[in-house]
Amino acid sequence: MSNSVNPADIHKTMLDQQKSDHRRRLILNLVLLALLVAAPMVMYPVFLMKILCFALFAVAFNLLLGFTGLLSFGHAAFLASGAYTTGYLLTTFSGLSTELGIIAGTLVATLLGLGFALVAIRRQGIYFAMITLALSQLVFFFFVQSSFTGGEDGLHGIPRGQFLGLIDLNDNLNMYYFVLAVFLAGYLFVQRIVGSPFGQVLKAIKQNEPRAISLGYNVNRYKIIAFVISAGLAGLAGSMKTVVFQLASLNDAHWHMSGEVILMTLLGGTGTLLGPVVGAAFVVNLEYQLSQGPLGDWVDAILGAIFVLTVLMFQSGIVGQVQKFMKKNIG
Amino acid sequence: MSMILGVPVAVLFGQLLLGLINGGFYALLSLGLAVIFGLLKIINFAHGALYMLGAMATVILFDTLGISYWAALFVAPILVGCVGVAIEYFLLRKIAGQDHIYSLLLTFGVALIIQGVLTNMYGVSGLRYSMPDVFKGGMNLGFMFLPYYRAWVIVIALLVCFGTWFMIEKTKLGAYLRAGTEDSQLMQGFGINVPLLVSLTFGFGVMLAAFAGALAAPIYSVTPVMGSHILIVVFAVVVIGGMGSISGAIITGILMGVVEGLTKTFYPPASSAVIFLVMVVVLLVRPSGLFGKEA
Amino acid sequence: MTMIKKLLTTAIATTLMAGAAQAEISNDMVKIGYLADMSGTYRDLAGPNGLIALEMAVADVGGQVNGKKIEIVSADDRNSPDVASSTARRWVENDNVDMIAGLVASSVSIAVSDILEESGKLGIVSGSAASSITNEHCTPNHIHYVYDTYPLANGTASAIVKEGGKTWFILAADYAFGHALEADVTKVVEANGGEVIGNIRHPFPTPDFSSFILQAQGSGADVVALANAGADTTNAITTAGEFGLTQSGQTLAALLLFLTDVHALGAEAAQGIQLTTGWYWDMNADARAWSDRFMEETGVRPTMVHAGIYSSTIQYLNAVKATGSDEAQAVRKQMIATPINDMFATNGRIREDGRMVHDMYLAQVKTPAESTNEWDLYNIVRTIPAEEAFRPLSESQCPLVTSK
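Chains as they are written, first to last, in our numbering: chain A, 1 to 331; chain B, 332 to 626; chain C, 627 to 1030.
If we strip away everything but chain A, and leave its shape as in the complex, we get (with noise of 0.2 Å):
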């Protein structure tokens, strides 16, 4: 009796592992929250609110390097774009509320990602990177030439305003959970794109897309929603930046902007959720620690020899080690 094995066994034990799976990730889900909660008790809020925005960034840039196989080397266009429009809006229309300029902020990017999308699209690989590349040049350019964005000043003294006219978002613990909330709301999203028949696809595309496309799926039809979703995240990443440091610059639209976004990605773990976030944490947190002390002077050398490491030695980034890790001796 004992010997036999049932498939109906092997599908309940299965099924428990996957509960067990789910749990598991609910769980730590949650204890991950609790801390994001009861953060700006011990840290500085508008620190936590950096690394919060970055970390939206860099999971919108992994929807589409991490699950869609796609390297973009522009989003610096869609962060900027985000933050020009908000803060242009927010400063010209003293009446408007924070939450219409931040909405209008990600309509821009995600326009722009479509357009982005469509030109790049012909190309993969390489030419799709360069191809980004150069038009987030373009956009760069546009907004040094434009009066509205401030040139090389930028835009100074945005007004946080007020959340639906009832929160004042200048308090700092008032922004933060606004920005945590906006955060939270942008990963699940992203979580449930990827758990979706869709991320499906696009898992699909990232492995082998000549497949995808041999199994009859419209394949450029499923990247461009990809890049559009991707783009006009990365644009609500840069709009709540520009609430939260009331000003918007040209950093955020040159590409040393799009280099560190991959940065934290990949060090963080291409192709998982939590991978991105860990990512940006790590290296705003590094960013900031190297800029007040002696290392100073060595902060790109310092990115870069991270770049190397991280490519040459785990590929994986943190996250993805973490995993393994756990995978071999938890099982």
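Please keep in mind that the hints were generated in silico from the structure rather than gathered at the bench. All C-beta atoms in this analysis are idealised placements derived from N, C-alpha and C, irrespective of residue type, glycine included. Be a bit skeptical, because a hint or two may be false.
[Claimed, not checked] List time: in silico DSS-like cross-link candidates among lysine-lysine, alpha-carbon distance up to 27 Å: (1) LYS324(A) to LYS206(A); (2) LYS792(C) to LYS813(C); (3) LYS467(B) to LYS624(B); (4) LYS324(A) to LYS19(A); (5) LYS992(C) to LYS467(B); (6) LYS425(B) to LYS328(A); (7) LYS959(C) to LYS947(C); (8) LYS206(A) to LYS624(B); (9) LYS695(C) to LYS959(C); (10) LYS467(B) to LYS203(A); (11) LYS206(A) to LYS372(B); (12) LYS695(C) to LYS947(C); (13) LYS788(C) to LYS813(C); (14) LYS206(A) to LYS425(B); (15) LYS324(A) to LYS425(B); (16) LYS203(A) to LYS328(A); (17) LYS372(B) to LYS425(B); (18) LYS467(B) to LYS327(A); (19) LYS19(A) to LYS328(A); (20) LYS792(C) to LYS947(C); (21) LYS694(C) to LYS992(C); (22) LYS327(A) to LYS19(A).
[Said to hold, decoys possible] Derived contacts from chain B toward chain A, CB cut-off under 10 Å, selection only: (23) ILE374; (24) ILE426; (25) GLY428; (26) TYR433; (27) PHE439; (28) GLY440; (29) ILE563; (30) ALA567; (31) SER603; (32) ALA604; (33) SER619; (34) LEU621.
[As the list claims (entries may be wrong)] Sample of chain A residues at the chain C side, in silico, Cβ under 8 Å: (35) GLY151; (36) GLU152; (37) ASP153; (38) ASP171; (39) GLN289; (40) GLN292.
Chain A is fixed; fit chains B and C onto it per the hints.
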């Protein structure tokens, strides 16, 4: 004086010539990128940094060892080429066969390191380098004053570009190179040391960048950041030409120099954006680039 | 119950009032934050050596004021207003920093001054060029030391027009700084009877200037003015030399040029260029003595920004000493009341709008024959009196001035 679109013909000629000269730089740099990409399928994001290294080496060799401009034209590319071989041997080889994206990210990291270290050592204001005495002055062409050095740049750049094209497309060595990188197992069977071939090819592409750097030293301000801007432009040039096409990179490089020169005459503010604009248009019409094979 | 409440409230109010009235140094120390570009484009003109200048100033007052220790923190702003404002916010909100020094990129200075105003702390801008910092962006919480675009345009342009350079061609960087400088120069040239006959706005950055220099040559203007900065300026000057711009009888005027830029160019390439500077290391005995000390520490000669950082820090610490307080408004008031004459400034004073005005200098780069060593680069041609050099308060848009 006759005019074209409000610009005197003489001025236009001058601008065309200058565009051609800048095109020489673009051609050298994009040729290096195209060699590395076309033969090795490596995207070398450190190309700009290595161009800068070529220029810095020229200046530093002169300052410390008194090595003359002429010697530096050879020594600097060889030294920087060795750096390139080291990058290939110690770093890129470790990720051979993986997605091309990783080579891009790896070389991006390398570029940041090179740039960061040199910034700390030499600052950002730039290093001083005087024009070799032979090139002082210039000739009056009637429509413009052409410094001798610029004339030299266009001649030597075209010679080096043509030589490289000839070597890769028309000689036995080039044939080995192309075959070795396309089907390495087969060539290994023929007793050819393919890994060495790969290292040398990468080193050669880097040498072209460093040579452009050495050429630039007397006329552009030599700073650790001089490569980061030109890199993006050169990438666009390579994409327009069709990635991997050797002749495409050369012709497009020169063409883009001219296009940029004309933009500088008619609408200066757009001159740094125009190449990207051309790139978008080309990609919409011919996704594989002007000279690329359909991928 | 109410009685207790009342008592409590009174007690708290009394304590608060006592705190405000009794001027003292908060947290028992004076904390200065040095925020500057340590690794990017503006590294050489301020950067790590600026921190050394600041440390020299602190050491020279004995490392303490009225028995309270002076502490220095520093950070790289990476030329990014985001990085700068988050660092500045953290410093003033969390780390008890009393004064922020350095401040180079204009975007950084403007972003930080917003935070200073919000938090009631003080900032001294030493590196920025934008004259808007004490004009439309002025706050009661910052001071702009050293220089700005107004005297740069004013000093150089009016001198050259008076020498007979009547027709001008302006080559301006195509962003706000270049536009502002171009507008300022145009105004000065026209006011002095000259004429601007052409201009080009070039992209930023531009590695190759040959095309623009050729157009400037073709214009036949007496003067070719460079309204750009850093590598753009040095590149343009090198190219002008190569194309024989000055040999063909045109004058080259660089509007913003630091000693480090001229040093990078060398006397050979830069000779004859006229420029306006706030200070030159070899201009008098005091300046020379201080630069010798600076050079011992750093190995290079100081720029006007380095000297300005030293001088302004001394001024600040003296004001803290005099008032016995590190409260921003008290210190600022004291600084405004104190005339400045030291190794950096002659006839210096800080105006209500936060602008520090002092004598500026028109300099000409020496020829290789005149220059005795690599840093021996300027001849001071003329002193521009403090009251003439800077934008007069009557033209100011600063609310601190106009509301009066």
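Now the hints, each set against the structure:
1. LYS324(A) to LYS206(A): Judged against 27 Å, a Cα distance of about 21 Å means the pair holds.
2. LYS792(C) to LYS813(C): holds, 13 Å
3. LYS467(B) to LYS624(B): Measuring from Cα to Cα gives roughly 44 Å; hence the hint is violated.
4. LYS324(A) to LYS19(A): holds, 20 Å
5. LYS992(C) to LYS467(B): holds, 20 Å
6. LYS425(B) to LYS328(A): holds, 25 Å
7. LYS959(C) to LYS947(C): holds, 13 Å
8. LYS206(A) to LYS624(B): Holds. LYS206(A) to LYS624(B) sits at ~24 Å (cutoff 27 Å).
9. LYS695(C) to LYS959(C): Measuring from Cα to Cα gives roughly 22 Å; hence the hint holds.
10. LYS467(B) to LYS203(A): Distance of about 61 Å is beyond 27 Å: violated.
11. LYS206(A) to LYS372(B): Holds. LYS206(A) to LYS372(B) sits at ~20 Å (cutoff 27 Å).
12. LYS695(C) to LYS947(C): Satisfied, since the Cα-Cα distance of roughly 12 Å is no more than 27 Å.
13. LYS788(C) to LYS813(C): holds, 14 Å
14. LYS206(A) to LYS425(B): holds, 23 Å
15. LYS324(A) to LYS425(B): holds, 21 Å
16. LYS203(A) to LYS328(A): The given pair, whose Cα atoms are some 24 Å apart, holds under the 27 Å limit.
17. LYS372(B) to LYS425(B): holds, 15 Å
18. LYS467(B) to LYS327(A): violated, 69 Å
19. LYS19(A) to LYS328(A): Holds. LYS19(A) to LYS328(A) sits at ~19 Å (cutoff 27 Å).
20. LYS792(C) to LYS947(C): The given pair, whose Cα atoms are some 51 Å apart, is violated under the 27 Å limit.
21. LYS694(C) to LYS992(C): Cα-Cα ~46 Å, so violated.
22. LYS327(A) to LYS19(A): It holds: about 16 Å lies between the C-alpha atoms, which stays within 27 Å.
23. ILE374: Result: holds, 5 Å to nearest chain A Cβ.
24. ILE426: ILE426(B) check passes; min Cβ-Cβ to chain A is 6 Å, inside 10 Å.
25. GLY428: violated, 13 Å
26. TYR433: With a minimum Cβ separation of about 5 Å from chain A (threshold 10 Å), the hint on TYR433(B) holds.
27. PHE439: With Cβ-Cβ at 6 Å, under 10 Å, it holds.
28. GLY440: holds, 3 Å
29. ILE563: Status holds, d = 6 Å.
30. ALA567: Hint holds; ALA567(B) Cβ to chain A Cβ min 5 Å, cut 10 Å.
31. SER603: At about 7 Å, which falls below the 10 Å cut-off, the nearest Cβ of chain A leaves the hint on SER603(B) intact, so it holds.
32. ALA604: holds, 4 Å
33. SER619: Check passed: Cβ of SER619(B) comes within 8 Å of chain A, closer than 10 Å.
34. LEU621: violated, 14 Å
35. GLY151: Holds, about 4 Å.
36. GLU152: Because about 5 Å separates GLU152(A) from the closest Cβ in chain C, which is inside the 8 Å limit, the hint holds.
37. ASP153: ASP153(A) check passes; min Cβ-Cβ to chain C is 5 Å, inside 8 Å.
38. ASP171: violated, 13 Å
39. GLN289: Violated, because the Cβ-Cβ distance from GLN289(A) to chain C comes to roughly 10 Å (cut-off 8 Å).
40. GLN292: This interface hint holds because 5 Å falls under the 8 Å limit.
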